[in-house]
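My request is simple: use the sequences and hints to build the entire structure.
2 protein chains.
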Amino acid sequence: MKNEFISKWTSQVKKGVLSFIVLNALSKKELYGYELIEVVKKSTAIEMAEGTLYPLMNRLKKEGLTSSKWVEQPSGIPRKYYTLTQEGKLTLQQMRQYWAALELSIKKITENEI
Amino acid sequence: MKNEFISKWTSQVKKGVLSFIVLNALSKKELYGYELIEVVKKSTAIEMAEGTLYPLMNRLKKEGLTSSKWVEQPSGIPRKYYTLTQEGKLTLQQMRQYWAALELSIKKITENEI
DNA sequence: ACAAAACACCTAGTATTACAAGGTATTAAA
DNA sequence: TTTAATACCTTGTAATACTAGGTGTTTTGT
Numbered sequence: 011m012k013n014e015f016i017s018k019w020t021s022q023v024k025k026g027v028l029s030f031i032v033l034n035a036l037s038k039k040e041l042y043g044y045e046l047i048e049v050v051k052k053s054t055a056i057e058m059a060e061g062t063l064y065p066l067m068n069r070l071k072k073e074g075l076t077s078s079k080w081v082e083q084p085s086g087i088p089r090k091y092y093t094l095t096q097e098g099k100l101t102l103q104q105m106r107q108y109w110a111a112l113e114l115s116i117k118k119i120t121e122n123e124i
Numbered sequence: 011m012k013n014e015f016i017s018k019w020t021s022q023v024k025k026g027v028l029s030f031i032v033l034n035a036l037s038k039k040e041l042y043g044y045e046l047i048e049v050v051k052k053s054t055a056i057e058m059a060e061g062t063l064y065p066l067m068n069r070l071k072k073e074g075l076t077s078s079k080w081v082e083q084p085s086g087i088p089r090k091y092y093t094l095t096q097e098g099k100l101t102l103q104q105m106r107q108y109w110a111a112l113e114l115s116i117k118k119i120t121e122n123e124i
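Top to bottom, those sequences are chains P and E. Taking the numbering used here, the leading residue of the first sequence gets 11, the next gets one more, and so forth. Taking the numbering used here, the leading residue of the second sequence gets 11, the next gets one more, and so forth.
A couple of the hints might just be wrong.
A pair holds if it fits inside one copy or across any two, identical chains being indistinguishable in the list.
What the hints assert, rightly or not - Distance condition first, Cα-Cα at most 30 Å in a straight line; then the derived DSSO-like pairs of lysine-lysine:
{"no.": "1", "residue 1": "LYS79", "residue 2": "LYS18"}
{"no.": "2", "residue 1": "LYS117", "residue 2": "LYS79"}
{"no.": "3", "residue 1": "LYS118", "residue 2": "LYS72"}
{"no.": "4", "residue 1": "LYS79", "residue 2": "LYS118"}
{"no.": "5", "residue 1": "LYS39", "residue 2": "LYS118"}
{"no.": "6", "residue 1": "LYS25", "residue 2": "LYS38"}
{"no.": "7", "residue 1": "LYS117", "residue 2": "LYS72"}
{"no.": "8", "residue 1": "LYS18", "residue 2": "LYS117"}
{"no.": "9", "residue 1": "LYS25", "residue 2": "LYS51"}
{"no.": "10", "residue 1": "LYS117", "residue 2": "LYS71"}
{"no.": "11", "residue 1": "LYS90", "residue 2": "LYS118"}
{"no.": "12", "residue 1": "LYS117", "residue 2": "LYS90"}
No lab work stands behind these hints: they were computed from the structure.
Given below as structure tokens:
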């Protein structure tokens with residue numbers, strides 16, 4: 011199988027979607043980076059590479075949508091936990107509105123035919 | 011208003027989504043470029059710039075998902091009509107499957123909280 | 001005891017694509 | 001007669017997912 015076009019396409023679809031997914035995940039509880047990848051993989055069947063996540067988390071923080079704190083572990087490497095800021099929550103609400111409209115649009119244009 | 015982050019985000023979300031929308035539109039009937047912009051604007055409330063559409067149509071054709079033909083007009087500039095190829099139809103079906111899964115994933119991760 | 005896998009963070013470089021801002025040319029409306 | 005609408009196009013820029021690397025610790029398997 012493995013349609014070359016499709017795999018490029020799914021990668022493009024993820025642009026933007028991943029930040030939406032991450033913010034949604036963080037709206038439920040604070041998470042650290044590595045954990046986020048696991049959560050996304052398990053609850054959405056979407057693969058997110060580490061090389062995607064960490065730069066993304068830096069952007070979200072720089073934009074003021076999240077804040078982070080280091081948490082030492084009794085054993086092992088310290089974890090960097092992320093939380094939604096107030097601005098992050100507001101932005102997430104706007105994103106959800108846009109997404110709902112987009113879903114509807116695509117539902118409409120998808121119906122019938124092929 | 012005008013959240014800077016949101017407008018950048020919506021632009022990113024469109025990457026990939028626009029090709030999906032265009033292929034869906036073409037699955038109903040053949041259309042020419044300028045018409046596609048109108049159709050998308052009217053039926054989905056999604057803005058697509060000309061500078062986005064024409065390069066996109068070239069990519070889709072190069073990938074073998076569409077074919078095109080020039081149609082002279084009784085008056086005015088000739089129109090370039092696009093049609094889905096067989097491969098285009100197959101690819102579109104795969105895209106629809108992926109999209110359905112994505113919708114579900116996001117629905118799941120969106121539910122509750124903020 | 002030792003190797004491999006899993007955990008947990010990170011960066012640099014590449015490919016892709018939406019968009020802004022331009023361009024050409026024709027026809028209809030003001 | 002000048003503006004808007006129709007219809008095609010291109011160039012350059014910004015943003016982001018991914019590949020492929022890197023560091024170091026802890027747990028699991030043999």
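Would you list, in rising numerical order, the hints stated earlier that this structure does not obey? Of the numbered hints, all hold.
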